[in-house]
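If you read the protein sequences in the order shown, they are chains W and E. Residue 347 is where the first sequence ends in the working numbering, and the numbering goes up by one at each step. Residue 347 is where the second sequence ends in the working numbering, and the numbering goes up by one at each step.
Treat each hint with caution, since some may be false.
[Said to hold, decoys possible] Computed beta-carbon distance windows for the label pairs:
1. E:S266 to W:A227: 24 to 34 Å
2. W:A101 to E:P94: 48 to 58 Å
3. E:T281 to W:S175: 23 to 33 Å
4. E:S80 to W:A227: 49 to 59 Å
5. E:P94 to W:E316: 20 to 30 Å
6. E:D93 to W:A227: 22 to 32 Å
7. E:A24 to W:D164: 37 to 47 Å
8. W:G82 to E:S244: 51 to 61 Å
9. W:D164 to E:D93: 24 to 34 Å
10. E:A227 to W:L284: 25 to 35 Å
FYI, nobody ran anything at the bench for these hints, they're computed from the structure. Yeah, the Cβ is synthetic: ideal placement off N, Cα and C, and Gly gets one too.
There are 2 protein chains.
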Amino acid sequence: MRAMTVVPGQPSTAGVSELPEPTADEGAVLVEGVAVGICGTDREIVEQGYGVPPPGSDRLVLGHESLGRVVEAPEGAGLSPGDLVAGIVRRPDPVPCPACARGEWDYCRNGRYTERGIKARHGYGAQRWRVDAGFAVPVPAELGVLGVLVEPASVVAKAWEQVDRVGDRTWFEPSSALITGAGPVGLLAALLAVQRGMDVTVLDRVTDGPKPGLVADLGARYVTSLADVDPQPEVVVECTGVGSVVLDVLSRTPPAAVVVLAGLSSGTPPVPVSIAELNATLVLNNAVVVGTVNAARRHYVDAVDALRRADRGWVERLLTRRVPLSRWTDALDATGVDVKVVIDLSD
Amino acid sequence: MRAMTVVPGQPSTAGVSELPEPTADEGAVLVEGVAVGICGTDREIVEQGYGVPPPGSDRLVLGHESLGRVVEAPEGAGLSPGDLVAGIVRRPDPVPCPACARGEWDYCRNGRYTERGIKARHGYGAQRWRVDAGFAVPVPAELGVLGVLVEPASVVAKAWEQVDRVGDRTWFEPSSALITGAGPVGLLAALLAVQRGMDVTVLDRVTDGPKPGLVADLGARYVTSLADVDPQPEVVVECTGVGSVVLDVLSRTPPAAVVVLAGLSSGTPPVPVSIAELNATLVLNNAVVVGTVNAARRHYVDAVDALRRADRGWVERLLTRRVPLSRWTDALDATGVDVKVVIDLSD
């Protein structure tokens with residue numbers, strides 16, 4: 001079978017490999033790959049050598065934003081042939097830490113987890129893959145290919161769960177949210193904010209392409225400068241990871257705000273910052289800053305629910321480009337108008 | 001009666017003023033001032049003009065770390081003549097925000113609060129003061145003058161409450177804590193950590209004076225470099241507000257750590273910082289950073305409880321100097337060996 005592989009950090013090695021069929025020790029559920037989404041992490045693996053192939057392999061099968069169709073599943077797994085599933089990215093170590101042992105591998109304490117398509121475990125970017133039922137999340141048939149967004153939406157579902165749980169330390173009934181970054185994660189964060197009935201503003205620097213329209217069609221405001229954000233948001237979900245944006249957001253936290261940091265970026269140089277002033281802003285405003293990465297199974301389930309409740313036409317517009325497996329490396333060249341590029345594994 | 005007053009920002013004006021007796025509109029409970037503690041905020045008011053006198057006054061009565069003895073109290077207030085009380089610092093606006101309306105004025109959303117001895121309301125540094133019963137916290141007679149530590153301990157009680165409430169967003173059973181800064185707030189934070197049965201490390205730069213011994217006698221470790229902190233703390237209570245310390249702490253957050261920022265400092269210049277890297281550390285570790293300031297009534301009550309359970313001899317050693325009201329400005333010159341300097345209002 002064919003799979004999308006790379007030697008991490010060597011872009012010239014990115015291509016399609018012919019691999020043996022997955023073996024039963026990789027999981028009891030056999031799945032036919034339908035699609036995978038490409039994100040910044042994939043590009044970092046290819047270009048900068050982020051990530052690690054499985055032991056004994058030079059190459060890593062990419063793909064952690066997955067959608068597949070069950071081919072065979074054991075009795076009692078709750079899965080039948082033909083069902084759509086999304087695979088969970090992270091796996092706890094066989095000797096789990098206390099958080100992993102509770103299914104909260106997203107909060108793993110000892111770092112000995114693996115991640116499909118990222119860290120020491122092949123990804124889902126293959127024509128067939130196997131997974132244990134506990135790491136396969138059912139996707140309703142009505143979602144179809146939109147199920148490929150379950151993984152990025154799970155990150156966002158976790159972000160909003162964190163807002164609720166952390167915000168509850170005091171009286172907190174937020175009605176306004178700012179999302180920084182109108183990439184797939186930012187747009188999904190905005191979707192979930194709108195589903196909560198919030199007044200939502202999305203900040204991004206681009207003025208062309210589909211992003212402004214996608215935001216407007218959610219009923220949210222689109223701005224290109226923080227100075228234009230009004231009202232002051234009680235919740236910020238920061239999805240860019242860009243230093244200047246993070247600093248701007250933290251420097252403007254209003255009283256009792258919750259700021260979720262959910263973005264990563266690389267390569268921004270140090271700039272002069274008064275950390276004492278930033279500290280004073282957070283202290284005097286009782287602000288909370290929550291870093292979040294990865295997701296537990298419950299967040300995938302929440303993500304499915306959020307996508308199912310969304311306007312299907314709107315979600316479809318997030319998938320701006322589909323690339324066949326045979327040409328999957330084309331997806332690494334994101335254009336300014338791309339939101340989410342998806343690899344069609346059947347093609 | 002006499003009171004310690006200043007025109008904020010004019011150190012030469014700091015002195016003892018003869019003022020009229022407090023009037024009933026200032027509160028139904030009449031209190032004889034016993035003592036007030038001096039902290040960095042008082043010094044900022046005197047030297048840098050932080051704070052605001054009440055409307056119509058050039059001078060501000062200082063004193064927000066208070067201890068007094070009830071002279072008269074209305075029926076049903078739960079207070080009798082002779083009872084010790086600590087006064088709460090913050091008052092909500094007559095038209096309270098939703099948080100203030102719930103008694104959580106420490107999370108005031110509209111900023112229209114006042115603060116005794118700091119913002120638009122005279123402080124407790126007077127021979128007599130008045131307060132409404134809802135803002136007078138009973139202090140057991142057994143605590144005596146140690147009750148002057150109730151206010152700084154309330155800030156710390158709130159910090160630990162925040163650790164519990166924010167930490168509960170995931171599995172969180174922390175056993176190790178790092179306290180940065182061995183001033184009064186840091187030492188009280190360490191006391192509360194030890195009372196929780198935690199493994200506690202306290203970081204400060206001084207190597208002489210009472211601090212190392214106070215930390216050792218709590219059963220905690222004293223270090224002068226973050227490199228010496230082992231084990232990695234699951235909780236950090238940052239009590240210095242110094243930019244370099246805050247940055248060091250945030251840059252080393254272990255997975256799922258809770259960092260409470262409870263310190264303020266001024267005058268540290270900007271330094272080159274990669275905010276993108278700092279962001280990535282917080283994101284990839286699912287770290288939470290909580291700024292905290294001020295305290296609600298429940299935190300004062302928790303503070304009284306913590307002080308009552310502490311070793312009396314140890315707490316007494318925090319009060320390193322007592323200064324009579326007539327010479328209160330001597331307290332503004334903190335020496336390296338001072339922990340908490342207290343003004344004796346009866347003298």
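Hints and how they fare:
1. E:S266 to W:A227: 24 to 34 Å: holds (26 Å)
2. W:A101 to E:P94: 48 to 58 Å: holds (52 Å)
3. E:T281 to W:S175: 23 to 33 Å: Given a distance of about 31 Å, which is inside 23 to 33 Å, the answer is holds.
4. E:S80 to W:A227: 49 to 59 Å: Holds - the Cβ-Cβ distance for S80 (chain E) and A227 (chain W), about 56 Å, lies within 49 to 59 Å.
5. E:P94 to W:E316: 20 to 30 Å: Hint violated: Cβ distance 53 Å, outside 20 to 30 Å.
6. E:D93 to W:A227: 22 to 32 Å: Holds - the Cβ-Cβ distance for D93 (chain E) and A227 (chain W), about 28 Å, lies within 22 to 32 Å.
7. E:A24 to W:D164: 37 to 47 Å: About 45 Å separates the Cβ atoms of A24 (chain E) and D164 (chain W), which means 37 to 47 Å holds.
8. W:G82 to E:S244: 51 to 61 Å: Given about 59 Å between the Cβ atoms, the range holds.
9. W:D164 to E:D93: 24 to 34 Å: holds (28 Å)
10. E:A227 to W:L284: 25 to 35 Å: holds (30 Å)
Hint compliance for this structure: hint 5 alone is broken.
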